[in-house]
Every structure is written in structure tokens, then in C-alpha cells.
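Trainee: Single-letter residue listing:
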Amino acid sequence: GAGVSQSPSNKVTEKGKDVELRCDPISGHTALYWYRQSLGQGLEFLIYFQGNSAPDKSGLPSDRFSAERTGGSVSTLTIQRTQQEDSAVYLCASSLVPVQGTQYFGPGTRLLVL
Amino acid sequence: EDQVTQSPEALRLQEGESSSLNCSYTVSGLRGLFWYRQDPGKGPEFLFTLYSAGEEKEKERLKATLTKKESFLHITAPKPEDSATYLCAVFSGNTGKLIFGQGTTLQVKP
Chain H
1 GAGVSQSPSN
11 KVTEKGKDVE
21 LRCDPISGHT
31 ALYWYRQSLG
41 QGLEFLIYFQ
51 GNSAPDKSGL
61 PSDRFSAERT
71 GGSVSTLTIQ
81 RTQQEDSAVY
91 LCASSLVPVQ
101 GTQYFGPGTR
111 LLVL
Chain E
1001 EDQVTQSPEA
1011 LRLQEGESSS
1021 LNCSYTVSGL
1031 RGLFWYRQDP
1041 GKGPEFLFTL
1051 YSAGEEKEKE
1061 RLKATLTKKE
1071 SFLHITAPKP
1081 EDSATYLCAV
1091 FSGNTGKLIF
1101 GQGTTLQVKP
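Residue numbers (this note's numbering), protein chains in the order written: chain H, 1 to 114; chain E, 1001 to 1110.
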């Protein structure tokens, strides 16, 4: 595809359940980023992938959050034992050039934890 | 600590009424300042990258400028379709993560 795609677009889950969010970056982009956007907090960095490695995980809010990337392409963000405060829009971005490249964002996954 | 502050939080303009949005930043060694546009329910859309003081970039009715402490997004003769939230961000650290401001929500009335 031409842009970053994310799925699902919306996810409603019950507190305590696990969720997986998927990101397909722009073809050929080696760098991939996850951000979270919530009311009152703005856009916050979660994790950065260069290829399949994650040199920067500093933004993950707790050990309930994890992410992986396979084949230097698709990435999955997993939230275990979801809490209501996890409700937010999760955005994925990719860039052609790592570290200093322009980041292009996907449409996001809107997560609601009941 | 790297920080980005945008003002105003919200701006209402009449169609054709030009104005500017402000982005003040504090960062250890600027390696890039970005402007994005975000429509409701969508992801941020890239507009501009600025790298050094004095640099300017234009796209249609938008013009972004950069000084050593702040960036401005000038909107000339805006149209209702320019209504959106405009986000400013800078690179922080060594891994390319972006630090975002809270955004300015622009509403242009016909």
C-alpha cells in the first residue's frame, strides 16, 4: 500500500483482557515507531524499531506493554491485562531513514477498555 | 528536558483572515522540527520539516518558519478546509523519537 496501515481501526475490550494491535509500515521503511494519543496527554512515544530490533523502549508505560517486529516489516503492539487508563488512540509511524527521517503516520487504532 | 509548547490551544478565524500558530521548543541540539496536520479520527499528516534557524517552507496557504527558540506556522487567507489540529514536534534523544506539543486546534468559519 501507499501508506502506513493499522488494524483494527477500533477495538473495544473488557478490563483484564489482552489486545494486539497491528502496524504495516510503508514498504521499504526500516524504522518504525509506536505512539499513544490520549486526551490531555497529547502524543507520547512508546517504542522505536530499527529493523527487527528495538533500541528504544523507554516510552512503554509498564511491563504489560510489549511489541515485536518481524521480517523488518509488520509490527504488533500487545497490551496484557488491559486497564481503563490504556484507552487511547495507538498510532504507528514509519520512516525511510532511521533516527532522522520524516515519520509518516497511520490512521491509528482506537482502543476502549470497559 | 526536551519540551515543546504550542499556542494558542484553539484559534477561530473567519475565512480569509490570516494568522499564525506558535511552537516554542527546548531541545539539546535541534535535529529537526516537524509540523503535522491532524483531522478528527485520523493520524497526523506530515506538512513540513525545518532544520536550521532562518529556514522557511511553504505549501499552498501555509508557511513554516524557524528561529533558534520557536517556529511559526503562518496561514494566509485560510479556507474552511484548513480547519484541523496542527501539531509541532522535535526529535529528542538519539533514536528519532518525536516530542510533540499539545497542538493548536484551528477552526475556519465561512
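Everything labelled a hint here was simulated from the structure, so no lab data went into it. Please read all numbers here as calculations on a predicted model, not as lab measurements. Glycine is no exception: its CB is placed at the ideal position from the N, C-alpha and C atoms. Mixed in with the good hints there might be a few duds.
Unchecked claim - Here are the simulated lysine-lysine pairs, DSBU-like style, with alpha carbons at most 35 Å apart: (1) 57/H - 1109/E; (2) 1057/E - 1042/E; (3) 57/H - 1069/E; (4) 1057/E - 1068/E; (5) 1068/E - 1042/E; (6) 1109/E - 11/H; (7) 1042/E - 1069/E; (8) 1068/E - 57/H; (9) 1059/E - 1069/E; (10) 1079/E - 1042/E; (11) 17/H - 57/H; (12) 1059/E - 1079/E; (13) 1109/E - 1068/E; (14) 1057/E - 1079/E; (15) 57/H - 15/H; (16) 15/H - 1042/E; (17) 57/H - 1057/E; (18) 1079/E - 1069/E; (19) 1042/E - 17/H; (20) 11/H - 1057/E; (21) 1063/E - 1109/E.
Said to hold, decoys possible - If you want the footprint, here are the derived chain H segments under chain E, 3+ residues with CB under 8 Å: (22) 15-29; (23) 55-61; (24) 94-105.
Trainee: Evaluate each hint against the coordinates.
Mentor: Evaluation of the provided hints:
no.: 1; hint: 57/H - 1109/E; in the structure: violated, 42 Å
no.: 2; hint: 1057/E - 1042/E; in the structure: holds, 24 Å
no.: 3; hint: 57/H - 1069/E; in the structure: holds, 28 Å
no.: 4; hint: 1057/E - 1068/E; in the structure: holds, 16 Å
no.: 5; hint: 1068/E - 1042/E; in the structure: holds, 31 Å
no.: 6; hint: 1109/E - 11/H; in the structure: holds, 34 Å
no.: 7; hint: 1042/E - 1069/E; in the structure: holds, 29 Å
no.: 8; hint: 1068/E - 57/H; in the structure: holds, 29 Å
no.: 9; hint: 1059/E - 1069/E; in the structure: holds, 22 Å
no.: 10; hint: 1079/E - 1042/E; in the structure: holds, 20 Å
no.: 11; hint: 17/H - 57/H; in the structure: holds, 23 Å
no.: 12; hint: 1059/E - 1079/E; in the structure: holds, 14 Å
no.: 13; hint: 1109/E - 1068/E; in the structure: holds, 33 Å
no.: 14; hint: 1057/E - 1079/E; in the structure: holds, 19 Å
no.: 15; hint: 57/H - 15/H; in the structure: holds, 24 Å
no.: 16; hint: 15/H - 1042/E; in the structure: holds, 25 Å
no.: 17; hint: 57/H - 1057/E; in the structure: holds, 33 Å
no.: 18; hint: 1079/E - 1069/E; in the structure: holds, 29 Å
no.: 19; hint: 1042/E - 17/H; in the structure: holds, 26 Å
no.: 20; hint: 11/H - 1057/E; in the structure: violated, 38 Å
no.: 21; hint: 1063/E - 1109/E; in the structure: holds, 20 Å
no.: 22; hint: 15-29; in the structure: violated (count 0)
no.: 23; hint: 55-61; in the structure: holds (count 4)
no.: 24; hint: 94-105; in the structure: holds (count 9)
The earlier numbered hints that this structure contradicts are 1, 20, 22.
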